[in-house]
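If you're matching them up, the sequences are chains P and H in order.
This note's numbering numbers the first residue of the first sequence as 109 and each following residue consecutively.
This note's numbering numbers the first residue of the second sequence as 366 and each following residue consecutively.
Please keep in mind that the hints were generated in silico from the structure rather than gathered at the bench.
Fair warning: this is a prediction, and the values are worked out from it, not measured in the lab.
Positions of the beta carbon are idealized from the N, C-alpha and C atoms, including for glycine.
Misleading hints may appear alongside valid ones.
Here are the simulated distance ranges between beta carbons [to be verified]: (1) H:D381 to P:E228: 23 to 31 Å; (2) H:L528 to P:S152: 50 to 58 Å; (3) P:Q127 to H:W404: 31 to 39 Å; (4) H:L530 to P:L116: 23 to 31 Å; (5) H:R382 to P:Y154: 57 to 65 Å; (6) H:D470 to P:N186: 48 to 56 Å; (7) P:L118 to H:E458: 53 to 61 Å; (8) P:I167 to H:R382: 32 to 40 Å; (9) P:D111 to H:L530: 12 to 20 Å; (10) P:N186 to H:A491: 53 to 61 Å.
Heads up, incomplete: computed chain H residues facing chain P, CB under 7 Å, no partners named [claimed, not checked]: (11) Y368; (12) R369; (13) N370; (14) I373.
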Amino acid sequence: MFDLIIFLVLLSLGYGVGQYAERRHYRSIIEREGRLNALPAIASRYPPIEPHYGQSLVIGSTVVSVDYFKRFLAALRNLFGGRVTSYESLLDRARRESLLRMKQQAADLGAAMVFNVKYETASISKGRGNTIGSIEVLAYGTALIEQRRK
Amino acid sequence: MKYRNPRIPEGINVSDRHPLKELLVLAGGALLLLVLLSWLLGQFGGRLARLLPFEHEAALAPVSLLSSDAGPELQAYLDQLGGRLGSQMAMPEGMEVRLHVSGGDTFNAFATLGGNILLYRGLLEALPHENALAMLLAHEMAHVEHRDPIVGIGQGAAIQLVLGLLVGDPNLAVLGSAGLYTQLHYTREMEREADTEALTAVQGMYGHIAGARDLFDVIHMQRERSGREEMPAIFSSHPLDEQRLEAISALARERGWSETGEATPLPAAFRRWLSEAAARAAEARAMPGLATSPSSRVGRLHRG
Numbered sequence: 109m110f111d112l113i114i115f116l117v118l119l120s121l122g123y124g125v126g127q128y129a130e131r132r133h134y135r136s137i138i139e140r141e142g143r144l145n146a147l148p149a150i151a152s153r154y155p156p157i158e159p160h161y162g163q164s165l166v167i168g169s170t171v172v173s174v175d176y177f178k179r180f181l182a183a184l185r186n187l188f189g190g191r192v193t194s195y196e197s198l199l200d201r202a203r204r205e206s207l208l209r210m211k212q213q214a215a216d217l218g219a220a221m222v223f224n225v226k227y228e229t230a231s232i233s234k235g236r237g238n239t240i241g242s243i244e245v246l247a248y249g250t251a252l253i254e255q256r257r258k
Numbered sequence: 366m367k368y369r370n371p372r373i374p375e376g377i378n379v380s381d382r383h384p385l386k387e388l389l390v391l392a393g394g395a396l397l398l399l400v401l402l403s404w405l406l407g408q409f410g411g412r413l414a415r416l417l418p419f420e421h422e423a424a425l426a427p428v429s430l431l432s433s434d435a436g437p438e439l440q441a442y443l444d445q446l447g448g449r450l451g452s453q454m455a456m457p458e459g460m461e462v463r464l465h466v467s468g469g470d471t472f473n474a475f476a477t478l479g480g481n482i483l484l485y486r487g488l489l490e491a492l493p494h495e496n497a498l499a500m501l502l503a504h505e506m507a508h509v510e511h512r513d514p515i516v517g518i519g520q521g522a523a524i525q526l527v528l529g530l531l532v533g534d535p536n537l538a539v540l541g542s543a544g545l546y547t548q549l550h551y552t553r554e555m556e557r558e559a560d561t562e563a564l565t566a567v568q569g570m571y572g573h574i575a576g577a578r579d580l581f582d583v584i585h586m587q588r589e590r591s592g593r594e595e596m597p598a599i600f601s602s603h604p605l606d607e608q609r610l611e612a613i614s615a616l617a618r619e620r621g622w623s624e625t626g627e628a629t630p631l632p633a634a635f636r637r638w639l640s641e642a643a644a645r646a647a648e649a650r651a652m653p654g655l656a657t658s659p660s661s662r663v664g665r666l667h668r669g
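Excised from the complex, chain H in its bound form (with noise of 0.2 Å):
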């Protein structure tokens, strides 16, 4: 017998395929997976975040950030011009908008959980008149009205906890974390609602919307000049301001609003409010022991 040992051709055990090709495929194929797994549990989280009853949406506000630095003349203001708006929008039973000022000169303004929108004296400071600073709180009270802090964090909590736990780290201290309120992202379909509502508020307040376009060319303004990184959370999920505008202005032609008309001037003490305001907030960071005095914190948060 004769014993001898053939030459195997290669290829049978090997697979002669690309590894980078491979590689292209597999981890293609797992972002795609992780991309849709995110979408659906972020879509899974808003909707069950919106079942959450207002009133105990109430009881997860960030109290502590949100002790308010306005003077009593500039929250009367601010809660009769507030009411006004309300009126013109169609809030559910039971909710209720709280308005904070910060005397810090952050450039911004957002809505966060249990009805509480905080605005900041930097933002405020650079508003040209009333109907300015109305489309501001509108458009804010149009996210506490649509329930969009509620749904965005709890889109936000569903990815992450379920991410975390895919690579091994999950921050279960998702509600915990303060980091969590001010730094809110709409998208834009969120957006996009709470200007229309806003702008109808506007609108049926004062018989045009000629104020939105001047909060918009504001906001344009300061993001001209600061770049993008400290954009106020109002913009924060709109790359372009053009694609914005362009929106208002269709759904004026659209339903007949005039895009301009005679602006009602801030009232004339509405600087020296926001000095005070300013002044306030200055004096609770310079007393000891109140180190992270809420305004601050806020401030720090926001540009961490």
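If we strip away everything but chain P, and leave its shape as in the complex, we get (with noise of 0.2 Å):
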């Protein structure tokens, strides 16, 4: 019984302030990309060769967990199979603020676009089951950065 409440207070927990937070993420990751998007990020190998750029590896990296309530929902899913929507949310959030930290450090050298983007991610909790899930997504590339003509 005392298990039972345990594990109620945490669900209501981990949904409430779960939600609370992924809403709030959600509308600064909208409100950033916008402002970011004027600094194009592209997956191509080739960059322009005129102008001559400045090039700078930019990276940008976020950790994220999971919470109890988003672990239940997945942990029920695993039993019927389909769409794990409640990890979907999570891992799309990753990946946009890893993007946009990259970004970010584009933007902070004054880089006109980042070229040959790609994503990386690496669970931090591999081989320990009963650590809490977390894994790293990884965005990086390279920034171009227009050269002033003397």
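Got two chains here, each in a separate frame; can you build the complex from them with the hints?
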């Protein structure tokens, strides 16, 4: 009985706080994406030759962890199969946040665009069953910085 | 070449389905699955348990819980009554019923493995006449005849085992836990069949079923007095006393049994025998080194 109460408290806490944080995060993501839209992130490996750009590595990294509610939902999903929607939004936020951080870094360098953009993920809790599952989403690319002609 | 990032519409990588709705659907599905699985396993366990020969069932009986506090006279009287009832019932070959009396004041009586029936002084004292006692005995004997105790344990064990494995804490010592024997719960179906069988036996013996009603009245009154927690096992799976009484009346009408009739009194010494049993139980409790004497142990388990 006591365990059940703890479980329900954790579940509703996870839901309440998790949903609030997610909504707030999405608002911030959409707002910043609009702001940084002028600085394109391009997947192509071949940057334009003219004009001559200076180059710099830019990275954006996010580590996300899952809340109790999402984890429970995903565990239930494991029984039936299908889209694990509770994780999808989490990872979507992580990807976009990483890209934004990378773009922000490029913007700070005065770059015109970022080329050869790639993503990587690393599971931090890999191989350890009982730790909280968290992963890193890393976005990196080559910032092209316009050179001032003398 | 012009490079730019178009705005990608929301909701492609993310589903806009409400998480609570998802939770409701998934949890509901899981619960349904669990209930279905439990039911199936229960049926399977019950069926399997029924295949166990009665002689082997006797070996599983919780002997330590069942030493009787009854004196020789009370025991002889009960055995005689049980014997007469048994001759009215279609007991299979080799099935033997053993009656035990506990001196404890618990208001209860139950049939357990190996044809053992335990009657508590608390319930026996409340019975107004022999017909009610006969109904009680016949009801428990019918459970034995239908092999309800082993089926109940088989069902419980199968469910407990698999649910335990699912939760990750399998309690494999299912038959080892003594609590199981006193916490047997029979289905409504089992209780109804036991009632029918018992009524048939009582009718055959006395020519009317007046005692049956009185037994249920006694139990009903006790329940009103003590609240639901201390429901006797005989009524545990019946939240509606009225329904059961109606079923009895309907059966009586259908078979042309009389619901009224002269009740046979209990033997004059019946109450004395019971107080002797109580004294014997108290003595056993008071004896050093026997803190867990059989009767007190059963009583404690029941309350727990």
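Taking the hints in turn, this is what the structure says about them:
{"no.": "1", "hint": "H:D381 to P:E228: 23 to 31 Å", "result": "holds, 28 Å"}
{"no.": "2", "hint": "H:L528 to P:S152: 50 to 58 Å", "result": "holds, 56 Å"}
{"no.": "3", "hint": "P:Q127 to H:W404: 31 to 39 Å", "result": "holds, 36 Å"}
{"no.": "4", "hint": "H:L530 to P:L116: 23 to 31 Å", "result": "holds, 24 Å"}
{"no.": "5", "hint": "H:R382 to P:Y154: 57 to 65 Å", "result": "violated, 40 Å"}
{"no.": "6", "hint": "H:D470 to P:N186: 48 to 56 Å", "result": "holds, 52 Å"}
{"no.": "7", "hint": "P:L118 to H:E458: 53 to 61 Å", "result": "holds, 58 Å"}
{"no.": "8", "hint": "P:I167 to H:R382: 32 to 40 Å", "result": "holds, 33 Å"}
{"no.": "9", "hint": "P:D111 to H:L530: 12 to 20 Å", "result": "holds, 18 Å"}
{"no.": "10", "hint": "P:N186 to H:A491: 53 to 61 Å", "result": "holds, 54 Å"}
{"no.": "11", "hint": "Y368", "result": "holds, 5 Å"}
{"no.": "12", "hint": "R369", "result": "holds, 5 Å"}
{"no.": "13", "hint": "N370", "result": "holds, 5 Å"}
{"no.": "14", "hint": "I373", "result": "violated, 9 Å"}
Of the numbered hints given earlier, the model fails hints 5, 14; all others are met.
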